[in-house]
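Protein chains in written order, with the working numbering: chain U, 19 to 130; chain S, 37 to 147.
Incorrect hints may have been included.
Label-pair restraints from in silico Cβ distances [to be verified]:
no., chain 1, residue 1, chain 2, residue 2, range
1, U, Phe28, S, Ser44, 29 to 35 Å
2, U, Pro93, S, Arg53, 42 to 48 Å
3, S, Lys134, U, Leu97, 19 to 25 Å
4, S, Ser87, U, Asp74, 20 to 26 Å
Calculated directly from the structure, the hints in this document are not laboratory data. The model shown is predicted, which means the values in this text are computed figures rather than measured ones. Using N, Cα and C, we set each Cβ at its ideal position, and we do this for glycine too.
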Amino acid sequence: NAGVTQTPKFQVLKTGQSMTLQCAQDMNHEYMSWYRQDPGMGLRLIHYSVGAGITDQGEVPNGYNVSRSTTEDFPLRLLSAAPSQTSVYFCASRKPGVETQYFGPGTRLLVL
Amino acid sequence: DQQVKQNSPSLSVQEGRISILNCDYTNSMFDYFLWYKKYPAEGPTFLISISSIKDKNEDGRFTVFLNKSAKHLSLHIVPSQPGDSAVYFCAASGTASKLTFGTGTRLQVTL
Chain U
19 NAGVTQTPKF QVLKTGQSMT LQCAQDMNHE YMSWYRQDPG MGLRLIHYSV GAGITDQGEV
79 PNGYNVSRST TEDFPLRLLS AAPSQTSVYF CASRKPGVET QYFGPGTRLL VL
Chain S
37 DQQVKQNSPS LSVQEGRISI LNCDYTNSMF DYFLWYKKYP AEGPTFLISI SSIKDKNEDG
97 RFTVFLNKSA KHLSLHIVPS QPGDSAVYFC AASGTASKLT FGTGTRLQVT L
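Same shape as in the complex, but just chain U:
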């Protein structure tokens, strides 16, 4: 099993550009989440999904969109990147009823 995979590992964007951060898991986990990690802020929940076709907002959802068309994939879209979205993004997955989440290796995003 590859676990949780994220692409790309690193990306530089200009303000106003759009991009999609990819996340995939091969553990058949129904729950998937996106977090961002900023210095001194810990990990903050952006969006999450409890199954295909179901998504909801987390703590910091503004500027991000998600969709969940399959159990395996949970892409995060930035429609118009802003410097405030410079961060490290982590995708995570888990089974329902099990609190332990498995994290991907992260995507480092720099918005100029």
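Fit chain S to the given chain U structure using the hints.
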């Protein structure tokens, strides 16, 4: 409003000694607590957890203590090893099953 707080940004401990990492929370609806360990350029990995119905959980060198009345939990690592040097995040989960993370404590285990 930071519901999960780790007030020590960093901690330095000698190899072989005990490392104690602390975490405080404010939301009384949290009923499950986890510790994650994170190395640079990697995603967090699960370390140990505890349910609110317990006050202690042990796994090898790692023990987590929960004091519900004080809304405080701690992670003890005994003995500390150089490979334990990492950032440790405390996280809490409530009825919505969403994790709320603390800001992390960077542990440095020195020789």
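ask   = Which hints from the list above does the structure break, by number from lowest to highest?
value = Violated hints: none; all satisfied.
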